[in-house]
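J.: So the chains spell out like this:
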Amino acid sequence: MPTSVKVKTLRIDGRDVSAREDQTILEVARENDIWIPTLCHLDGLSPVGACRLCLVEIKGSTKLLPACVTAVEEGMEVSTQTEGLESYRRMILELLFSERNHVCSICKSNGHCEMQTLAQRLGLTHIHFPYRYPSLPVDLSHELFGMDHNRCILCTRCVRVCAEIEGAHVWDVMGRGVDARIICDLNQPWGTSETCTSCGKCVHVCPTGALFERGRSASEMDKRPEFLPYLTLMRRAGGE
Amino acid sequence: MIFEELGHIEEAELEAQSRFERRIHVCAAAGCLASGADAVKEALSGELQSTGLEERCQMVGVGCMGLCSRGPLVSIQPDNVLLAQVRAKDAKEVVGTLGKKPPKRLACPSDLPFFKRQLKVVLENMGRIDPERIEEYIAVGGYSALHKGLTEMTSQEVIDEVVKSGLRGRGGAGYPTGLKWSQLSKESSPIKYVVCNADEGDPGAFMDRSVLEGDPHRVLEGMILAGYATGATQGFIYVRAEYPLAIKRLNLAIKQASRLGLLGHNICGTPVSFGVEVRVGAGAFVCGEETALMASIEGGRGTPRPRPPFPTQSGIWGRPTMINNVETFANIPPIIRNGGKWLAEIGTEKSKGTKVFSLSGKVVNTGLIEVPMGITLREIIFEIGGGIPFGGKFKAVQTGGPSGGCVPDSGLDVPVDYESLSHLGTIMGSGGMVVMDDSASMVDVARFFLDFSRHESCGKCIPCRVGTVQMHGLLDKIAANRATSEDLAMLEELCDLVRKTSLCGLGQTAPTPVVSTLRHFREEYLSHLSGKA
Amino acid sequence: MSKPTFATIWLDGCSGCHMSFLDMDERLVEILDQVDLVYSPLVDVKEYPEVVDIALVEGAVSTDEDRAKIRKIRAHTKTLISLGDCAVTSNVPAMRNYFPVDSVMKRAYVENAAGGGVIPERGLPKLDPRVCPVHEVVHVDLFIPGCPPSADTIHAALTELLAGRNPDIAALTRFGA
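Chains as they are written, first to last, in the working numbering: chain A, 1 to 240; chain B, 1 to 533; chain C, 1 to 177.
No false leads were slipped in.
Listed next, the in silico BS3-like pairs over lysine-lysine satisfying Cα-Cα at most 27 Å (straight line):
id : chain 1 : residue 1 : chain 2 : residue 2
1  : B       : K248      : B       : K120
2  : A       : K8        : B       : K186
3  : B       : K477      : C       : K126
4  : B       : K350      : A       : K63
5  : A       : K59       : B       : K500
6  : B       : K477      : C       : K72
7  : B       : K164      : B       : K350
8  : A       : K63       : B       : K500
9  : B       : K116      : B       : K104
To give an idea of the chain A side of the interface with chain C (calculated C-beta under 8 Å), a few residues:
id : residue
10 : V103
11 : Q116
12 : H126
It is worth saying that the hints were derived from the structure and are not from the lab. Everything numeric in this text was worked out from a predicted model, so none of it was measured. Even for Gly, the Cβ is constructed at its ideal location relative to N, Cα and C.
Produce the entire structure from the sequences given, and follow the hints as far as they go.
T.: Below, the structure is given as structure tokens:
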């Protein structure tokens, strides 16, 4: 631990809050019960700033900044819930729904899906962009788990938890743009992977029904990512 | 080698050259090679041999002479004769008329506005030296800036000259180069990197390629000076695999410079060390974005990451890293040679020096040009470019590639500089300039670039990955006359979203071709809409 | 003053939304006190009336018949409401979108038919190449997602509408609810 931690004071949505200098806006907001939506972010994994849902406005900056990677600064004035931001967030979520095939009603994670919950919380009742309906595979070659690319939002939580926490780096991303895909090892069926330890961490950090345990039916796949903060805490304690 | 020996090499080379009565320069850059320059060079050499002139006449393959539309180009010095569209079968005639009046059908007047209106700083050696021989570069004053910088100036003084020159990044965004250099110099890390961004990927752009193919040592010299000024000891040149000739000549140049001790440990006996490695990109446009480029150099997937931290704070392998474009580095040797003030006298108040453009599209003279900042687009297109061919009418000029926009007739008299172009809704960009006549559909132009951007999006952030695809779909619909005014509204909504919320420059600028054509040619979009909403 | 006219429509869906509507049970009486049910699969009216104040649409747009029907309905309806995920998102019916129409027909009428069936040539509306949500074809005024939206949701939404207020749908239901 650093011997002296500097404290910064800033304003989020009109509230004065204080923070350690090494904290991000998102961390401070959550500590103060200020809600900022996220999808790619997960405490315990390295931040990537990819989903753009946590974008916030900062007074004096013309750019919107991702709260998950933006460090606090003294005197910063942050707005997290402006009309503009909410509209952007809804549109970003809409784009996600339009991209692949998120058929909530028959999804294993129906009712346990972060994207579905977020859509409701942001007041989304329909998707005004045309759906793309791509034809995507489902990998059921692993005896315990399955990967449904129809539900994948490319948040890369699986990639990160496998590389950073499990240390196996089974998952990665291949291809560009909307053709980007999560791949297993060198783009092979999951069941043939020699690096996968079958730990299931990827399944439980996956925010949607893309990764699931086999044998679960529609609406049965609840996710239990609670292991992650616990592991992070234990590792930090072990390191000291 | 020590620096003083540069003088000996220069003398020896000049003496060797003076043994010949004349030099025949054949363009050996990609454009002319593609139209058969190799065969022309071979035929000319053969002809010189069979006429016994090879002792009196030196054959040299040189870098781009600019007028690419009329290649292969051959120039004969010191007669100042320029021949265009030369074929191998013309060799006998060309050699036969050496020193006399050149064949009329090949002769190209060298006092055309195409040449006269240009000002060559970056391209000063293009078409004059053999890019594959370091001696030729040294003979025209090459590495004298390095000599001066390393022996007569402190690092800070080198930076000061760059600051004084007012040079701004030639990759497109126009960030002040001197400021970037001084930011890196202030970092205390023992390891720092200097990177040359040669991942030129804009459709219609070939400036950096020409410089690398025609004068690679100039870029190396600029990079070594940057290393000295900032305290970096390792350089990388990130060049796309689609440029095999540039890669070959760069590697050759690095080898030659290393052999002479101009690269490596204790450069020419000074305490300064600097090494350069070429890293070949796999053809992803997004790797021209600084953070994606660094990820690619590290061996990872080329995707951008949020900034801060800025590369100068934490770059390749977490070390402070400074990335400049090819043309930026190519500006450095003359700045150090002549002083920053010299460059600052060229150009406009906020945009100093010259800019290289690759002029293409519906214009008589297509090719590589270098002009002082502040020249108007009209001068570039109608004087240097020779206007619109086949009696066509000018409609728009596109600058800045997929991140840029179209300028209509009304913007032609605006001086070319970073700010003015931005006011017109486009960007300076790296120098691609595509001229369009009135047969061009502006919706198609926007659609072309969105098609490019959606394929080149890395897929990391949602607005760029999906937004560009949705935008392209709407443009398809508009082009097919199936769209309604609601679709147009959705398109504009997406432009705003993608621009404001994308992670990196690729996404943030991807809507520009749409925004700019909507701004200047809205009626064209409206004419495509089907009546009902 | 006469009661507002009310209709329900069934496009490509499983009728689950209509079942859920019926699940309002005794509250149906209360709703029907306030509206005049003029058109519905639940009543025997063949022609869509000239003016309908509120119409609930179940199902996605899947055939040329659906398309023509919803266009006509839109033209004669003041407030058109997409009811349920099929109408709102195209949901399960759109899962055939990844396959060409002829292979869908073959699957349904030949491969899955006992004793080798044939694809009927008459009496079937023509399948569109792509199933889509209602709002991709006509303007929709309100969306009530859910598969199906619960009777409570439908009741709350209708009550609000009939009282002249805008229901807060997201507070009541979500995709897949």
